[in-house]
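> Chains as they are written, first to last, in full-length UniProt numbering: chain A, 1 to 194; chain B, 1 to 194.
Hint data in this document are derived by calculation from the structure and do not stem from the laboratory. Misleading hints may appear alongside valid ones.
[Stated by the list, open to error] Under the rule of at most 27 Å between Cα atoms (straight-line distance), these lysine-lysine pairs were calculated in the BS3-like manner: (1) K123/B - K47/A; (2) K47/B - K146/A; (3) K145/B - K178/B; (4) K47/B - K178/A; (5) K47/B - K3/B; (6) K47/B - K123/A.
There are 2 protein chains.
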Amino acid sequence: MYKLYDFLPSGNSYKVRLLLTQLQIPFTRIEVNILNNESRTPEFLAKNPNGKIPVLEISPHQYLAESNAILFYLSQNTSYFPDNHFEQAQVMQWLFFEQYSHEPNIATSRYWISILGKEREYKQALEQKQVLGYAALNVMENHLKKQDFFVGKTYTIADIALYAYTHVAEEGGFNLTKFPAIQAWLKRNEIFLD
Amino acid sequence: MYKLYDFLPSGNSYKVRLLLTQLQIPFTRIEVNILNNESRTPEFLAKNPNGKIPVLEISPHQYLAESNAILFYLSQNTSYFPDNHFEQAQVMQWLFFEQYSHEPNIATSRYWISILGKEREYKQALEQKQVLGYAALNVMENHLKKQDFFVGKTYTIADIALYAYTHVAEEGGFNLTKFPAIQAWLKRNEIFLD
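Just chain A, with the same shape it has in the complex (with noise of 0.2 Å):
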């Protein structure tokens, strides 16, 4: 069985969860509290060198880091990925657009706001942030006015991978009000959840 090692307030995490539940694989879950350094440790190293949560146990001494190459590895010859090796093409597109210029802002914004109450420590980076993340999220609405899912007209890797921390933006301070294509999408989304 496989075993996740991830920490519950991480949407990198949640994405993982998210996947593996949908795809009803079972999984045993291992909580990593990333705020105590469990991540840091010579045990935890020794399974992603990187220091970064979550990680995927596939077979003992077999892990894979980076919460989006888990979607990919899980997600293929399933209608998560598309079989189009153009749409492959732009999932992945949108997986880096939300490793670089999504997560950077928006989930650091909320782990600085909500889950370590620093707003005032990182106020002036703070402020960077914000533009960086209303230009991405500016970026999502305008895909979404044309089309129901990122990649053709399905439900894919890419739709969970930015679902993850757009649905909890307003943790990190993002109004998602002006965000119409963007609420929508949040809300087909959901029928996915249960």
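Fit chain B to the supplied structure of chain A, relying on the hints for placement.
Relative to the frame of chain A, chain B by itself:
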């Protein structure tokens, strides 16, 4: 024929040019000078709403953004992407490592120092990027002590993605003399450059 919208000094663009050249795929290059905001014009934003280079035009009105998604697309069914399912996911793991832990520190430092020439202006931010950039180099060094290439036993797009900014890391103020395994790997990569 493919059209590549790119900017010569960009390592993200370099990755794509390198793979296209290695695969002997002809392409037309269109220079987009990001220093003149040419990636923010309405014409360019119609190609990539996220306003970043490189962008691959696969056919008229069919665009793919995000350098590592382009590498994924071009490498399918070639020796640069493994056949094995787990090794494919490991390639993805290193591509996400590159975009999250490596590029934002090493490439951004190089951009500020060597492309913008604003080392003094960014002094404080550069200090943090040095710490995180060296942490990424340490992860690479420890991995390359054990194997010749990042995934499996052969050269893949994981090596191309990480080569792009590592081989010019000194332009970002990173000293590679303490990383012998990285240096040996850089030399192994050069074999594929001709």
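> Against the earlier hints, flag every one the structure doesn't satisfy and list their numbers going up.
1, 6
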